[in-house]
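For the protein sequence lines, the chains are A and B, in the order given.
Be aware that the first sequence starts at 1, since it is given in my numbering, and climbs by one per residue.
Be aware that the second sequence starts at 223, since it is given in my numbering, and climbs by one per residue.
FYI, nobody ran anything at the bench for these hints, they're computed from the structure.
Dumping the calculated DSSO-like pairs for lysine-lysine here, alpha-carbon to alpha-carbon at most 27 Å: (1) B:Lys510 x B:Lys333; (2) A:Lys12 x B:Lys607; (3) A:Lys211 x B:Lys267; (4) B:Lys333 x B:Lys313; (5) A:Lys10 x B:Lys295.
Short derived list, chain A residues pointing at chain B, Cβ under 7 Å: (6) Asn14; (7) Ile110; (8) Leu188; (9) Leu189.
Here a beta-carbon is modelled for each residue, glycine too, at the ideal position from N, C-alpha and C.
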Amino acid sequence: MSARDRILAKLKANAPATAGELPDVAGWYATHRSEENSTDKARRFRHFIELAHAEVYSVSRGGWLQKLYEVLSAKQIDKLLVAPGTQHGARAQAELPPLGIACPGYDTSIEGWKAAMFNDMPASFTAARGAIAETGTLILWPTADEPRLMSLVPPVHIVLLDAAGIHNTFYEAMQTESWKDGLPTNSLLISGPSKTADIQQTLAYGAHGPKELVVLMIEENV
Amino acid sequence: MNAPQTPHALHFMPSEGFRARAKDVVENPFLRQSFRGAMDFLMSKRAAQFPDPEELESLRRLGERIRQYNLAKLPDLLIQLETNLTRNGIKVHWAETPEEANAIILGICQKHSAKLMVKGKSMVSEEIELNHAAEAAGIGALESDMGEYIVQLAHEKPSHIIMPAIHKTKEQIATLFHENVPGVEYTDNVDALIQIGRNVLRQKFLEADIGLSGVNFAVAETGTLCLVENEGNGRMCTTAPPVHIAITGIEKIVEKLEHVPPLLSLLTRSATGQNISTYFNMISSPRKPGEKDGPGEVHLVLLDNGRSQAYADEQLRKTLQCIRCGACMNHCPVYTRIGGHAYGTTYPGPIGKIISPHMLGLEATATMATASSLCGACGEVCPVKIPIPELLIRLREESFTPPHANPSMRGQGAGHNSLTSAIWRTWGAIYGSPALYRTASWLASRFRWLTPRKQAGWTSVRTPLQPAPKRLRDLIKERP
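Using the sequences plus the hints, can you model the full thing?
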């Protein structure tokens with residue numbers, strides 16, 4: 001018998017006859033979390049992610065590029081990693097270089113340029129799929145066009161978020177979008193820049209991931 | 223001034239040293255202060271996250287139900303998880319013992335001629351002593367969680383499951399970095415120290431052949447591995463190297479994705495008082511064709527190591543509800559005073575006392591369950607309502623009752639001692655019979671002058687215990 005069969009046999013021999021009632025997750029959220037309108041959700045999202053040390057700027061649907069440029073200028077960043085296969089990445093790549101910001105695209109496999117990614121990429125720009133108001137959390141589903149390391153390796157990560165995609169809770173996000181029917185290779189919840197309190201409970205930002213997280217939040221009334 | 227180094231070099235500590243190690247820490251004011259301060263900090267952070275007692279209670283009830291429901295279906299869920307992970311392209315391995323788990327992991331490393339493995343925080347990898355096994359096989363195993371990196375550099379072990387380097391001061395860490403990281407000047411500025419760690423480890427993430435991680439929840443219905451972390455090193459280990467190996471205990475499974483949000487909320491709020499961790503990382507497959515990064519191979523090692531023994535008994539099974547938040551140790555008056563190293567086991571504190579006997583046998587852990595005042599704090603804060611005090615009493619029974627046939631635990635009766643047993647039997651007989659009790663108490667007050675002046679540990683800091691000259695019943699009789 002294999003280790004697998006022995007473990008399963010031991011467990012099966014001793015499993016309880018019934019698992020009992022199903023956990024009522026939906027019921028708990030229905031009684032303990034109320035739905036908010038979009039203004040309140042955006043406000044709550046912003047409150048919590050700012051508490052976690054992220055910068056948030058409200059922008060209009062057409063005006064985010066200007067804010068992106070201002071943020072980069074203020075931080076004296078002249079190189080931004082973008083995803084040219086996405087609409088927002090293509091727009092940044094078309095419009096930022098004339099303003100003096102180089103926009104290399106993540107268009108080949110990491111194996112060819114891993115050292116450059118780790119040592120020579122000061123900032124990156126991606127979109128978020130949505131967000132969670134309750135905890136101030138961005139939802140990212142990296143894709144072939146906008147790969148995983150973009151939101152992890154560069155020291156400054158700038159995220160474009162459409163406020164219409166903010167959910168009340170993590171539970172609501174996965175239920176309304178039916179996540180269980182098809183999760184991507186990697187899906188992420190990000191709630192601030194990387195941090196640690198491992199030395200004498202002193203909070204320090206920029207542990208291994210981005211030191212700074214900037215959110216450009218598209219709101220209809222801006 | 224630098225605090226003195228922790229007095230322990232820590233590998234495979236025998237349980238008979240438990241009392242001596244505990245005494246060392248109790249007598250070390252630096253460690254006492256470190257732990258007291260850290261535990262107070264974590265307790266107040268947790269309390270601030272649960273302002274509404276009704277919500278906390280109902281969420282704990284839901285967490286308990288989710289864990290119990292999933293444990294009841296565990297064998298089926300393991301098969302479902304294996305099927306879905308395999309369909310997604312993740313290779314599943316099974317290990318009954320730490321040796322088997324190490325062999326599987328090192329086998330994968332050798333297949334890839336790996337020289338360096340970077341590790342995200344994984345208590346299961348500590349449980350199997352993976353670093354030693356890797357070192358023996360000539361493979362570098364580097365811890366990348368800041369706290370774990372610090373304790374590895376100091377040749378120590380984690381003293382807390384969530385905050386591994388909680389026993390060290392920033393001055394000790396400054397000295398450690400100065401002496402061990404080439405070109406680093408002494409600094410006790412925490413931001414600077416973290417940047418030193420960041421710079422060293424970045425190069426390792428870039429070079430590593432293998433990334434190793436633990437798992438917080440494995441979702442059976444989708445075939446997804448979930449990881450909770452703040453630093454980003456977990457994401458580095460699971461994204462940057464060409465191969466990712468995850469290892470987990472067989473109990474960490476949930477059937478449905480919707481079981482995750484309540485457990486995640488309970489976990490981060492109970493552990494560090496955060497409403498959510500910085501990163502929640504859900505991995506469902508290796509790199510797909512066309513994707514530009516991520517490991518081409520992902521493996522999951524499912525480890526038993528005594529968990530199936532706990533599973534077999536209805537009461538002991540509750541041990542497996544644990545989601546490893548560490549709140550029980552943060553609130554434990556014993557842990558706060560003796561720290562994590564004194565226990566000598568991978569998992570310290572209340573959870574360590576109830577899980578370690580299944581991993582190591584009661585022979586090696588018989589006295590652990592006695593290191594408790596049964597104050598009940600651990601059970602009260604447990605986010606999934608594990609009745610830890612009840613389990614401690616059960617484990618005392620398993621340890622100290624005479625060995626019998628068909629024991630439910632390995633090493634049952636290991637702590638049994640005929641003299642102690644006889645003393646308690648006599649005590650029981652006296653207190654069970656009014657006539658015997660009257661006689662015994664009369665004799666005790668009459669012969670009180672025979673009481674020894676030295677009473678083992680008691681008299682080292684206290685006056686000796688002596689029966690009263692008059693019994694309560696005599697005093698009542700004398701009342702006018």
